[in-house]
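S.K.: Given chain A, put chain B in place with the hints provided.
Protein chains in written order, with our numbering: chain A, 1 to 245; chain B, 246 to 467.
Quick caveat, the hints were computed from the structure, so don't treat them as lab data. Do not take every clue at face value.
[To be verified] For the chain B half of the interface with chain A, some residues (derived, Cβ under 8 Å), not all of them:
no., residue
1, P332
2, P368
3, G370
4, L372
5, L400
6, R401
7, L406
8, L414
9, I420
10, A460
11, A461
12, T464
Source: prediction; values computed, not measured. The beta-carbon is built from N, C-alpha and C at its ideal position, and this holds for glycine as well.
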Amino acid sequence: MISLANPSRFLSLVDRVVPWLSAVVVITLGIGLYLSLFVAPPDYQQGETVKIMFVHVPSAWLGMLGYTLIAVAALGTLIWRHPLADVAAKTAAPIGATFTFIALVTGSLWGKPMWGTYWVWDARLTSMLILFLLYLGLIALWQAIDEPGRAGRAAAILGLVGAINIPIIKFSVDWWNTLHQPESIFRVGGPTIDPSLLIPLFVMAGGFTALFVLLHLIAMRAEILRRRVHALQRTQVEHAALAEA
Amino acid sequence: MSTARALLARDVRLAWREGGAIGVALGFYLIVVVITPLGLGPDLNLLARIAPGILWVGLLLAALLSAGRIFDNDYEDGSLDVLATGPLPLTVVAGVKCLAHWLTTGIPLVLLAPFLGLLLNIPLGTLPSLVLAMLAGTPAVSFVAGIGASLTLGLRRSGLLLALLVVPLYVPILIFGVSAVTPYVTGPNTIWPPFFILCALSLASVVLAPLAAAAALRTALR
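So that you can see chain A by itself, here it is in the shape it has in the complex (with noise of 0.2 Å):
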């Protein structure tokens, strides 16, 4: 992590994993949807809807994991200043935000055929849809203030305090009402979910993470980038001014 603090060392390791990284996600991705389009059976009742699932879990998961990643980067941006930690939250705010408007709306889709309703206010779908906001919020405020070093903390602060905040969301809302099945894959007991359903769905799990590691790691290179041009246009600015003068 030290040694990744160099900016100029990180975007050398980028533009080295990039290339392979891609590949990764272009064969798993696309194994994935083979299997869940061609191999995995249709559901016994839910039919061929149930395949809306390998995109909808997959998102969920990177959704909350897009969150994690800014709360963890949050410590390092609040307590081990590390310079690249604020690039990381930032870059991956958007990012998360996609994944879990994806959840949502797949999950809005799969919910019409199966509870005859595009929404209901379960308590799952509830969190997400806050989840969601929370990351707009995050977003909001990096878009509010011009200095990048206070937008920097100030978004740590806010992720900070929504990574503890999210437990008890999550915990009110599941008090508040309960409609969603139970967690059905990682539980005591082993899953409930068929094989046949469960490997396309880690194959597809696989492929998202890694599109989602690709994706930020490309839009961490630009935030980069954007930063050293924003530096060089004002060095030129003063240098312009000074020349004037």
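M.R.: This is chain B only, laid out in the frame that chain A set:
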């Protein structure tokens, strides 16, 4: 301790003498409660059922409307810089200012709520539990608003941003607040668990929110 008490007295006095500030929050609360039946229709049974929810949502919005005031005035006239360099730790300053917001906005809103409840045909038997739950929950409302106010200090359109940041954090307060008032929905002896959770939320935010708010103030004052 006496410095903190002096600061609290000053803030309460300022809010009181500013006059309009408290009145606007109360007026806004009234407006929210008045337009809701106009949107839903005058069915008294329906209104009685959803009255606790409307009263809580209106209270949260009215408290948010005045949350910018927690630090804004002191930031603009420079007294916040003086306080930050003064003998009192910034965490205590932030906590005292949130407490002042609760005393000058939270409590007046809670006292108004039962009267607005009458407009919504709320069953009279639920009024004591409504006031009790609101008294237990509003400290969390003020202190969490303090986090938002410190994060958005001095920004453009900070009011809208403040609402976007803080409302998701209000979800637990709203949920337990409403379930602590609706015994006829959930059964007779079930108002106490949500009430105690509300107390816990308030206590936790009284301890933790000043830390976050002070950290945010430091980034804003730098």
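S.K.: Holds or violated: is the Cβ of L406/B closer than 8 Å to a Cβ in chain A?
M.R.: Given a least distance of 5 Å, the restraint on L406/B holds.
S.K.: Restraint: A460/B near chain A, CB-CB cut 8 Å. Satisfied or not?
M.R.: holds, 5 Å
S.K.: Restraint: R401/B near chain A, CB-CB cut 8 Å. Satisfied or not?
M.R.: OK, holds: R401/B within 8 Å of chain A, min 7 Å.
S.K.: Would the stated hint for L372/B survive a check requiring a Cβ distance to chain A of less than 8 Å?
M.R.: Since chain A brings no Cβ nearer than about 23 Å to L372/B, farther than 8 Å, the hint is violated.
S.K.: Was the hint right that L414/B lines chain A, CB cutoff 8 Å?
M.R.: holds, 5 Å
S.K.: Do the numbers back the hint for T464/B, that is, is its least Cβ distance to chain A under 8 Å?
M.R.: holds, 4 Å
S.K.: For the hint on A461/B, does the least C-beta distance to chain A fall short of 8 Å?
M.R.: holds, 5 Å
S.K.: Would you settle whether the hint for G370/B is holds or violated, based on the nearest Cβ-Cβ distance to chain A being less than 8 Å?
M.R.: violated, 23 Å
S.K.: Could you check if P332/B really has its C-beta closer than 8 Å to a C-beta on chain A?
M.R.: violated, 24 Å
S.K.: Have a go at the P368/B hint: is there a Cβ in chain A nearer than 8 Å to its own Cβ?
M.R.: violated, 21 Å
S.K.: Is the interface hint for I420/B satisfied, with its Cβ closer than 8 Å to some Cβ of chain A?
M.R.: holds, 4 Å
S.K.: Just to be careful: measuring from the Cβ of L400/B to every Cβ in chain A, is the smallest value less than 8 Å?
M.R.: Holds. Min distance 5 Å.
The structure shown violates the earlier hints numbered 1, 2, 3, 4.
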